[in-house]
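Visitor: Chains L and R supply the protein sequences, listed in that same order. Here the first sequence is numbered in my numbering, starting from 1 and rising by one per residue. Here the second sequence is numbered in my numbering, starting from 1 and rising by one per residue.
There's no promise every hint is true.
As the list claims (entries may be wrong) - In silico DSS-like links for lysine-lysine, alpha-carbon gap of 30 Å or less:
| id | chain 1 | residue 1 | chain 2 | residue 2 |
| --- | --- | --- | --- | --- |
| 1 | L | Lys-58 | R | Lys-46 |
| 2 | L | Lys-51 | R | Lys-149 |
| 3 | L | Lys-58 | R | Lys-197 |
| 4 | R | Lys-197 | L | Lys-51 |
| 5 | R | Lys-31 | R | Lys-197 |
| 6 | R | Lys-46 | L | Lys-12 |
| 7 | R | Lys-46 | L | Lys-117 |
| 8 | R | Lys-237 | L | Lys-51 |
| 9 | R | Lys-185 | R | Lys-197 |
| 10 | L | Lys-117 | R | Lys-31 |
| 11 | R | Lys-237 | L | Lys-81 |
| 12 | R | Lys-149 | L | Lys-81 |
| 13 | L | Lys-117 | L | Lys-195 |
| 14 | L | Lys-58 | R | Lys-149 |
| 15 | L | Lys-248 | L | Lys-24 |
| 16 | L | Lys-32 | L | Lys-51 |
| 17 | L | Lys-248 | L | Lys-81 |
What the hints assert, rightly or not - Derived Cβ-Cβ restraints for the label pairs, each shown as a range:
| id | chain 1 | residue 1 | chain 2 | residue 2 | range |
| --- | --- | --- | --- | --- | --- |
| 18 | R | Val-26 | L | Glu-182 | 25 to 31 Å |
| 19 | L | Arg-114 | R | Asn-244 | 36 to 42 Å |
| 20 | L | Arg-123 | R | Gln-63 | 33 to 39 Å |
Keep in mind that the hints were calculated from the coordinates and are not lab data. Using N, Cα and C, we set each Cβ at its ideal position, and we do this for glycine too.
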Amino acid sequence: MSNSAISLRDVKKSFDGGHEFVLKGINLEIPKGSLTAIIGFSGTGKSVMLKHLLGLFKPTSGTIEVLGTDLSTLSPDALTKFRCNFGVLFQSAALFDDMTVLENVCFPLFEHRRDLKPAQVLRIAEEKLHQVGLESKHYNKLPSQISGGMQKRTGLARALALDPEILIYDEPTTGLDPILTEMVDNLILSTHKLKQGVTSIMVSHDLSAAFRIADHIAMLDSGRVLLFGTPEDFFNTDIELVKRFVNKGMKHQ
Amino acid sequence: MTLSQKLYRAVFGLGRYFIGTVSDFVASTGKIILFFNESMRLIFSKPSRFSEIIRHMEFIGNQSIGIICLTGGFTGLALSFQLYLGFKLFNAVNMVGPTVALGITRELGPVLTGLIVAARAGGAMAARLGTMRVNEQIDALDVMGVNTKQYLVSPRLVAALICMPLLVAVFDFVAMLGSWFLCVKLVSLDEAVFWQKIADFIEIKHINEGLFKGMVFGIYFAVMCTYRGFNTSGGAKGVGEATNQGVVQSMVGIIILDYFVTNIIRVFYNLMGIS
Chain L
1 MSNSAISLRD
11 VKKSFDGGHE
21 FVLKGINLEI
31 PKGSLTAIIG
41 FSGTGKSVML
51 KHLLGLFKPT
61 SGTIEVLGTD
71 LSTLSPDALT
81 KFRCNFGVLF
91 QSAALFDDMT
101 VLENVCFPLF
111 EHRRDLKPAQ
121 VLRIAEEKLH
131 QVGLESKHYN
141 KLPSQISGGM
151 QKRTGLARAL
161 ALDPEILIYD
171 EPTTGLDPIL
181 TEMVDNLILS
191 THKLKQGVTS
201 IMVSHDLSAA
211 FRIADHIAML
221 DSGRVLLFGT
231 PEDFFNTDIE
241 LVKRFVNKGM
251 KHQ
Chain R
1 MTLSQKLYRA
11 VFGLGRYFIG
21 TVSDFVASTG
31 KIILFFNESM
41 RLIFSKPSRF
51 SEIIRHMEFI
61 GNQSIGIICL
71 TGGFTGLALS
81 FQLYLGFKLF
91 NAVNMVGPTV
101 ALGITRELGP
111 VLTGLIVAAR
121 AGGAMAARLG
131 TMRVNEQIDA
141 LDVMGVNTKQ
151 YLVSPRLVAA
161 LICMPLLVAV
171 FDFVAMLGSW
181 FLCVKLVSLD
191 EAVFWQKIAD
201 FIEIKHINEG
211 LFKGMVFGIY
221 FAVMCTYRGF
231 NTSGGAKGVG
241 EATNQGVVQS
251 MVGIIILDYF
261 VTNIIRVFYN
271 LMGIS
């Protein structure tokens, strides 16, 4: 059995019928249970690659296997169900603004765990919110009534609700102040440690966080993986572009 | 450049623009039909969205009753007053009631209800879905394994389909009350004659025609507005454009659709031998 949670083989993507490729042959094996950061300049295809992992985009060519399943073999309905294996924390948290904090976390449980009684769903949701450190006095507030940090915590609790095997953080700290950034980074790390066996993937511009908390780092450039390795590999590399990116990125942070 | 070359360029440019516009229209229509088809198919798939349908019915139907009553009442009053002034010229004031009733039940009821509800509920639908799209809430639903069309679009279509004929019936009823108030209370026509003439001329098929049109207009504006909202891109500007496009296309479409639906109903009645 493969040790990879996600494997991409020669994945190419073009949005204009093959004239210009956003992904130009991505090869990547993300080990099970690891915390992998995906970094790179803006416009290098990080978000497009993420959408491929989630099955929201189909590759023009190449294969994507997630937990041993080739996504291209799944029907649209099966793919929709398969996405329950993922928990995603969006950059904006993407909370449903007409639902309270608690209702947001209950939502995926009501959708997919119809065997549970409402009281059980509430108990699980409260447990997840407690896990991410949100106090119970905020449970009945709307997302607009809580701070950005609390919204991130709620988003993470919602992502954890179904106990997914893969957690994805899509630029979780972009636009946050340094204190909040550190809080979110620590939250990601503590969640990863708490959820043994869960594979975490973080797309980030925050290099110091990536080097501090990730086991593996993949750097994308022009639709290709420039380097995939441990943080040490990045500091010891001879690839000029990686060195420049790391030096400049670390200097700014 | 010679005059003939300039002329050739102008004609060529115009032709290219025309073909581009037509092909865009055809492509867009095709996408909307596919969107409608998939959303209707998903109505019957699991899990059931009954509570969502009820929630949207409350918004589209219940919350529209006030504005429908207000516009229905004044439409009945104004139309009756105009017809009264006209019919008085040739001593046919007793025909005001049935003429208003025919006009309201077959045309004005469904069309005005469609326009009002498209502007109120359709605009809100497009804006809501557009905001959800740009705030990544629809993406969040997608990655949670929720079929977003089944959760967000299908219940709105069903709610509009059910609520619109009911709102048309309310509009018709209140408009006739307005007509009665003007004819009987303000210009002192005989009340018994007023109602008797309506009973003589109005048949159940006239009311059914209006209710059927209401269903068609309901599904039409719901599809247009949810399609525009669902496919929003480009932040707050995109939401504004989606709402604008959804409402304008719904309202113009209802007026155009009305002519074709009227003709289809005529053909249907002829085929069924209904005079």
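Visitor: For each hint, tell me whether it holds in the structure or not.
Guide: Hint by hint, here is what the structure shows:
For the proposed pair Lys-58(L) and Lys-46(R), the alpha carbon gap of about 25 Å is at most 30 Å, so the pair holds. Note on Lys-51(L) and Lys-149(R): the hinted pairing holds, with a Cα-Cα distance of about 18 Å set against a maximum of 30 Å. Proposed proximity of Lys-58(L) and Lys-197(R) is contradicted: the alpha carbons are some 65 Å apart, above 30 Å. Distance hint between Lys-197(R) and Lys-51(L) is unfulfilled; the C-alpha atoms sit about 66 Å from each other, more than 30 Å.
Note on Lys-31(R) and Lys-197(R): the hinted pairing is violated, with a Cα-Cα distance of about 48 Å set against a maximum of 30 Å. Pair hint Lys-46(R) plus Lys-12(L) does not hold up; C-alpha atoms about 34 Å apart against a cutoff of 30 Å. The suggested pairing of Lys-46(R) with Lys-117(L) holds, with an alpha-carbon distance near 19 Å, which does not exceed 30 Å. A threshold of 30 Å between alpha carbons decides the hint, and for Lys-237(R) with Lys-51(L) the separation of about 24 Å falls inside it, so the pair holds.
With a CA separation close to 17 Å, the supplied pair Lys-185(R) and Lys-197(R) stays within the 30 Å bound. Distance hint between Lys-117(L) and Lys-31(R) is unfulfilled; the C-alpha atoms sit about 40 Å from each other, more than 30 Å. Taking the CA atoms of Lys-237(R) and Lys-81(L), the gap is about 33 Å. The hint is violated against a cut of 30 Å. Using a Cα cut-off of 30 Å, the hinted pair Lys-149(R) and Lys-81(L) holds, with the two alpha carbons roughly 14 Å apart.
The straight-line distance between the Cα atoms of Lys-117(L) and Lys-195(L) is roughly 25 Å, inside the 30 Å bound, and the hint therefore holds. Using a Cα cut-off of 30 Å, the hinted pair Lys-58(L) and Lys-149(R) holds, with the two alpha carbons roughly 19 Å apart. Straight-line distance between C-alpha atoms of Lys-248(L) and Lys-24(L) comes to about 25 Å, which keeps the hinted pair within the 30 Å bound. Of the pairs offered as hints, the one joining Lys-32(L) and Lys-51(L) holds, with about 19 Å between alpha carbons and a cut-off of 30 Å not exceeded.
The suggested pairing of Lys-248(L) with Lys-81(L) is violated, with an alpha-carbon distance near 42 Å, which exceeds 30 Å. Checked against the hint of 25 to 31 Å, the pair Val-26(R) and Glu-182(L) fails, with Cβ atoms roughly 54 Å apart. The beta-carbon spacing between Arg-114(L) and Asn-244(R), approximately 39 Å, falls within the hinted interval of 36 to 42 Å. Judged by the Cβ atoms, the range 33 to 39 Å given for Arg-123(L) and Gln-63(R) holds: they are separated by roughly 35 Å.
Taken one by one, the earlier hints fail for this structure at numbers 3, 4, 5, 6, 10, 11, 17 and 18, listed in ascending order.
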